[in-house]
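Fit chain B to the supplied structure of chain A, relying on the hints for placement.
Number of protein chains: 2
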Amino acid sequence: MTPRVALIPGIPGCRAYTPKVPKIVDKAVRRDEIIAATWRIIRTQGFDAVTLREIAAMLGYANGALKPYFATKEELLTAAYVRAFDVAVEKANASIGGRTGIEALRRLCHEIMPLDEERTLEAAVIIAYWGHSLGVPALAEIFRQHSAELRRRMIRHLEEGRAAGEVVTSEPDGAIADELYWMMMGLQAMVLFAPEHASGRRQRAALEKILESLAH
Amino acid sequence: MTPRVALIPGIPGCRAYTPKVPKIVDKAVRRDEIIAATWRIIRTQGFDAVTLREIAAMLGYANGALKPYFATKEELLTAAYVRAFDVAVEKANASIGGRTGIEALRRLCHEIMPLDEERTLEAAVIIAYWGHSLGVPALAEIFRQHSAELRRRMIRHLEEGRAAGEVVTSEPDGAIADELYWMMMGLQAMVLFAPEHASGRRQRAALEKILESLAH
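Chain order of the listed sequences is A and B.
Numbering follows the numbering used here, with no gaps: position 150 of the first sequence is 150.
Numbering follows the numbering used here, with no gaps: position 14 of the second sequence is 14.
Next up, chain A with everything else stripped away, as it sits in the complex (with noise of 0.2 angstroms):
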């Protein structure tokens, strides 16, 4: 859990302040162990069969070191879900950087797609979340919200190219943004599951082809 105090320099009575600043250092890194270790493990060996008490000592922590950090494991799951998401907007936001249109969606396409290892264990990730928010809609809702949200970007891009004359198909923007992600969601367990059929040089021209389709 990350700390509720306050933390304002100065202030007496905000007592997580200056004693505790290289703890708090700490246990931000230690966080980010712990998901980097969790994104592993559920590649690896999935997230149903381990426990907190297991990632605990894969890690070398001794055995409840995980709870300050994560009280559940669907507390865990959803940081290590959450985690991914980040980065990948966070990688789409650099590979972006000021350009519009075609060009922007193509690099946020790029991000979501499970285009290499790293992105492939952000894709075991997402399907173990699936997975876990069957039952519990307070995790579906983010996902649901996380995909709006990415819905909304594709959509922004779309506006911006038919500005520059680059998108201009009849198909309506929200029906390309949908077609889009349904295949790039489809593409998070092909790559896992049916890889020889997903391979980045796959995954790229099958984008190719789309965005091309859209100066029609």
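Rather than coming from a laboratory, the hints here were simulated on the basis of the structure.
Idealized CB from N, CA, C, for every residue including glycine.
Treat the hints with care, since some could be wrong.
Quick list of simulated restraints, FRET-style, between CB atoms [unchecked claim]: (1) Glu117/B to Glu196/A: 29 to 35 angstroms; (2) Glu208/A to Arg162/B: 20 to 26 angstroms; (3) Pro68/B to Asp116/A: 43 to 49 angstroms; (4) Gly165/B to Gln45/A: 49 to 55 angstroms; (5) Ala205/A to Lys27/B: 48 to 54 angstroms; (6) Glu159/B to Ser170/A: 29 to 35 angstroms; (7) Glu208/A to Glu141/B: 27 to 33 angstroms; (8) Ala205/B to Val168/A: 16 to 22 angstroms; (9) Ala205/A to Val82/B: 30 to 36 angstroms; (10) Glu159/A to Gly97/B: 41 to 47 angstroms; (11) Glu171/A to Asp32/B: 41 to 47 angstroms; (12) Ser213/A to Gly64/B: 56 to 62 angstroms.
Here is chain B on its own, set in the frame of chain A:
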């Protein structure tokens, strides 16, 4: 578990025969009931959270009554998933009949896509199965083989379509099949988590656009 004794009428020593026919029929019916209940449980509660004991209780069975059918949750989940696949294939076969080419491909896709509530139940089973398969290569392999079978069928119908002059695109049949399958697998998740962007109408329209593109 299905009985391992061969049932050959009138052969003495085939101990499962005469006296047990009614019981065996019951067993198959009971097994179907359990799988049907499991589909509903996965859709409404997910699969992580429930135990074999709870599933038995929901069905009004005594504790332990599921054990002769499914020794573990993994066996039950696998049977539920395999049933979902078999149902889709049986319905596709019935729908396709003697048809070939694009119309056969359309009807096959309609049974894979989560177009109605029953197929949305099946989608939930697939999502649960994927989540559990991450750490279990033998389960992942079952899905991989099913995917390969569906891919072969899609390619066969594309070849029929080419022979009939319905399919003239220069895109290879394998690439067309992969892209259709990616979309259909993404839809398994989206119909559950963002159904507002994966209506049956939208799914059918997207499929028609792809099928129509094959004629150019």
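Hint by hint, here is what the structure shows:
1. Glu117/B to Glu196/A: 29 to 35 angstroms: holds, 33 angstroms
2. Glu208/A to Arg162/B: 20 to 26 angstroms: holds, 23 angstroms
3. Pro68/B to Asp116/A: 43 to 49 angstroms: holds, 47 angstroms
4. Gly165/B to Gln45/A: 49 to 55 angstroms: holds, 50 angstroms
5. Ala205/A to Lys27/B: 48 to 54 angstroms: holds, 50 angstroms
6. Glu159/B to Ser170/A: 29 to 35 angstroms: Since the Cβ atoms of glutamate 159/B and serine 170/A sit about 31 angstroms apart, the hinted range of 29 to 35 angstroms holds.
7. Glu208/A to Glu141/B: 27 to 33 angstroms: Holds, since glutamate 208/A and glutamate 141/B (Cβ atoms, about 31 angstroms apart) stay within the stated range.
8. Ala205/B to Val168/A: 16 to 22 angstroms: Holds, at about 19 angstroms.
9. Ala205/A to Val82/B: 30 to 36 angstroms: holds, 32 angstroms
10. Glu159/A to Gly97/B: 41 to 47 angstroms: holds, 45 angstroms
11. Glu171/A to Asp32/B: 41 to 47 angstroms: Once the Cβ atoms are compared, 43 angstroms apart, the range 41 to 47 angstroms for aspartate 32/B and glutamate 171/A holds.
12. Ser213/A to Gly64/B: 56 to 62 angstroms: Taking Cβ atoms as reference, serine 213/A and glycine 64/B lie about 57 angstroms apart, which means the hint holds.
Of the numbered hints stated above, none is contradicted by the structure.
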